[in-house]
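Number of protein chains: 2
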Amino acid sequence: MKEKEFIEIIKNTIKGDIIGDDCAYLKDLGIVLSQDNLVEDIHFSMKFTNPYKLGYKSAMVNISDIAASGAEPKYITVGLSLPQNTDKSFIKEFYKGLTDACENIKIVGGDITGSDKIFISIAIIGSAKNRKISSRKNAKPGYKIIVSGKHGASSAGLKDLFCGIESKFSKIHLMPKAQIEFSKNISQNIQTEYAMMDTSDGLMDALLQIAEASNVLLDVDFKKIPYDKEIEKYENYQDLILYGGEDYQLIACVPKDFNVQNSFEIGQVNAGNGVEINGKLVKNFENKLFDHFKK
Amino acid sequence: MKEKEFIEIIKNTIKGDIIGDDCAYLKDLGIVLSQDNLVEDIHFSMKFTNPYKLGYKSAMVNISDIAASGAEPKYITVGLSLPQNTDKSFIKEFYKGLTDACENIKIVGGDITGSDKIFISIAIIGSAKNRKISSRKNAKPGYKIIVSGKHGASSAGLKDLFCGIESKFSKIHLMPKAQIEFSKNISQNIQTEYAMMDTSDGLMDALLQIAEASNVLLDVDFKKIPYDKEIEKYENYQDLILYGGEDYQLIACVPKDFNVQNSFEIGQVNAGNGVEINGKLVKNFENKLFDHFKK
Numbered sequence: 001m002k003e004k005e006f007i008e009i010i011k012n013t014i015k016g017d018i019i020g021d022d023c024a025y026l027k028d029l030g031i032v033l034s035q036d037n038l039v040e041d042i043h044f045s046m047k048f049t050n051p052y053k054l055g056y057k058s059a060m061v062n063i064s065d066i067a068a069s070g071a072e073p074k075y076i077t078v079g080l081s082l083p084q085n086t087d088k089s090f091i092k093e094f095y096k097g098l099t100d101a102c103e104n105i106k107i108v109g110g111d112i113t114g115s116d117k118i119f120i121s122i123a124i125i126g127s128a129k130n131r132k133i134s135s136r137k138n139a140k141p142g143y144k145i146i147v148s149g150k151h152g153a154s155s156a157g158l159k160d161l162f163c164g165i166e167s168k169f170s171k172i173h174l175m176p177k178a179q180i181e182f183s184k185n186i187s188q189n190i191q192t193e194y195a196m197m198d199t200s201d202g203l204m205d206a207l208l209q210i211a212e213a214s215n216v217l218l219d220v221d222f223k224k225i226p227y228d229k230e231i232e233k234y235e236n237y238q239d240l241i242l243y244g245g246e247d248y249q250l251i252a253c254v255p256k257d258f259n260v261q262n263s264f265e266i267g268q269v270n271a272g273n274g275v276e277i278n279g280k281l282v283k284n285f286e287n288k289l290f291d292h293f294k295k
Numbered sequence: 001m002k003e004k005e006f007i008e009i010i011k012n013t014i015k016g017d018i019i020g021d022d023c024a025y026l027k028d029l030g031i032v033l034s035q036d037n038l039v040e041d042i043h044f045s046m047k048f049t050n051p052y053k054l055g056y057k058s059a060m061v062n063i064s065d066i067a068a069s070g071a072e073p074k075y076i077t078v079g080l081s082l083p084q085n086t087d088k089s090f091i092k093e094f095y096k097g098l099t100d101a102c103e104n105i106k107i108v109g110g111d112i113t114g115s116d117k118i119f120i121s122i123a124i125i126g127s128a129k130n131r132k133i134s135s136r137k138n139a140k141p142g143y144k145i146i147v148s149g150k151h152g153a154s155s156a157g158l159k160d161l162f163c164g165i166e167s168k169f170s171k172i173h174l175m176p177k178a179q180i181e182f183s184k185n186i187s188q189n190i191q192t193e194y195a196m197m198d199t200s201d202g203l204m205d206a207l208l209q210i211a212e213a214s215n216v217l218l219d220v221d222f223k224k225i226p227y228d229k230e231i232e233k234y235e236n237y238q239d240l241i242l243y244g245g246e247d248y249q250l251i252a253c254v255p256k257d258f259n260v261q262n263s264f265e266i267g268q269v270n271a272g273n274g275v276e277i278n279g280k281l282v283k284n285f286e287n288k289l290f291d292h293f294k295k
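Here the protein sequences come in this chain order: A and B.
Using our numbering, you'd call the opening residue of the first sequence number 1 and step up by one each time.
Using our numbering, you'd call the opening residue of the second sequence number 1 and step up by one each time.
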């Protein structure tokens with residue numbers, strides 16, 4: 001049983017049509033809305049992180065979803081469930097991390113309850129005012145594919161953490177940064193429809209999602225994907241770059257003549273279906289993609 | 001360590017000023033926002049409920065928060081974390097229950113992940129358009145105290161469930177109804193500031209919260225509180241009525257001359273501090289109030 005199958009069942013049951021992007025765009029209210037769950041020992045382990053970093057990352061993960069839509073992140077609420085023996089310092093440090101991640105974003109409420117393990121659910125609202133909102137359905141043949149930065153660092157960092165190593169990669173894994181400026185540069189200036197996603201579940205996952213939703217072929221040149229050269233020391237480092245999750249970079253498909261500061265062009269959108277890396281169609285990727293229901 | 005102490009720490013850490021009501025009122029966006037967590041074996045047990053009823057109640061709990069603000073419930077997102085062995089029928093039934101509870105409310109997204117136990121976090125947005133939004137700070141001496149309906153039924157129902165009895169009370173416990181009409185009747189028609197809360201943590205908890213936030217004395221006549229006469233058969237039934245949670249009724253403090261259809265006047269707001277039941281100040285209530293960090 002996989003996450004995507006569950007989502008299909010949900011779509012069929014609620015007969016809704018808005019689910020699909022990282023955020024729901026609620027046009028009548030001029031806002032986008034997103035929510036993410038983080039569960040102890042599934043998404044994070046207290047062996048590797050601390051309450052401050054956990055708070056920081058919890059916020060960033062959600063800010064990244066808003067960035068992916070092109071909206072301006074504005075407000076968050078925090079649903080926090082904690083074991084009974086949790087002490088005051090956890091809460092204090094967690095909220096410090098959360099606050100430090102929430103530059104120009106207000107924490108306006110939420111819920112706090114007991115639980116067995118730590119469970120964090122954050123809802124975030126962005127304003128669509130003066131922004132053009134993205135959709136992963138909007139990639140069109142002729143567009144270029146751009147990304148905001150380096151891939152593979154976060155999953156290399158997780159490997160380091162498992163080996164007990166603190167490194168620049170482990171820091172990126174524990175305290176990612178949402179690409180707010182990249183998002184703003186596009187959504188405040190673009191005139192046409194465009195596709196954008198974050199690469200929280202990996203670059204390949206994002207490419208496949210956009211290709212499927214837009215019904216296009218995404219043609220990617222591997223050597224153009226930015227990554228830290230030090231990643232080459234890891235076994236199968238190409239997989240870290242393509243399939244590793246949690247870099248929280250943005251990928252966008254925009255018209256060729258639309259310039260985005262500090263972006264990296266990694267390929268182009270063609271007519272067709274799927275994703276090609278160096279001219280080769282990507283197949284049999286299922287077991288490489290990240291899925292919380294698979295261990 | 002108690003829930004309210006945690007909330008104090010949070011307030012001091014984030015230095016925010018909006019937390020306090022069931023919902024955050026985001027005036028610049030014209031919306032209210034709320035989020036609630038429901039954790040297996042803390043808030044519910046699969047021994048007593050089923051996926052359909054769980055979905056239904058999960059939505060209602062959140063709709064009730066919006067009702068408490070006076071706003072119109074519009075959109076929800078659902079963060080659902082489920083054990084790996086969860087099957088398709090759970091998701092289907094859960095979302096059926098959710099959909100049935102969401103009359104005129106759209107389910108627009110969320111997150112689905114793995115977990116150890118079932119964890120549900122729902123975020124809900126209400127529109128403030130043509131509604132006057134409540135605050136628990138707004139009770140004023142001279143106002144009357146009204147409630148939307150009967151209290152004590154839900155906690156009597158939980159007692160029944162523990163004894164293996166299915167009753168009209170257990171039904172109320174498992175499938176509560178948010179008081180949307182009561183809320184709308186007030187917020188669409190009232191001209192002045194008013195206080196409103198739901199009684200999810202018990203009538204007494206709501207009275208104490210309003211009294212403290214508004215810095216007033218709430219004078220309640222016990223015999224005016226509506227309840228089902230059959231509750232009198234339970235031991236200490238007055239405690240079920242005053243302290244029992246999860247009835248999801250609304251309590252409001254409104255001007256004496258403001259009439260609300262289908263409301264029950266249970267007392268009045270006076271100058272002073274605290275809550276009086278039949279003229280006697282309520283003290284030493286701490287061990288009776290509901291707290292998720294206490295067992």
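Just to be clear, a hint being listed does not mean it is correct.
The list makes no distinction among identical chains, and a pair is therefore deemed to hold if it is satisfied within one copy or across any two copies.
Unchecked claim - Simulated pairs of lysine-lysine, DSS-like, Cα-Cα distance not exceeding 30 Å:
no., residue 1, residue 2
1, K15, K184
2, K137, K256
3, K11, K171
4, K171, K132
5, K88, K256
Note that these hints are calculated values from the structure, not bench results.
Structure-based check of all given hints:
1. In this homomeric assembly, K15 and K184 come within 30 Å of each other (Cα to Cα) only across copies, at 27 Å, whereas the closest approach inside a single copy is 32 Å.
2. When the C-alpha separation of K137 and K256 is checked against a cutoff of 30 Å, the pair qualifies only within one copy, where the shortest distance is 17 Å, while the shortest distance between copies is 55 Å.
3. In this assembly of identical chains, K11 and K171 lie within 30 Å of each other by CA distance solely across copies; the values are 28 Å between and 37 Å within a copy.
4. For the identical chains of this complex, K171 and K132 are neighbours neither inside a copy (32 Å) nor across copies (47 Å), given an alpha-carbon limit of 30 Å.
5. When the C-alpha separation of K88 and K256 is checked against a cutoff of 30 Å, the pair qualifies neither within a copy, at 52 Å, nor between copies, at 43 Å.
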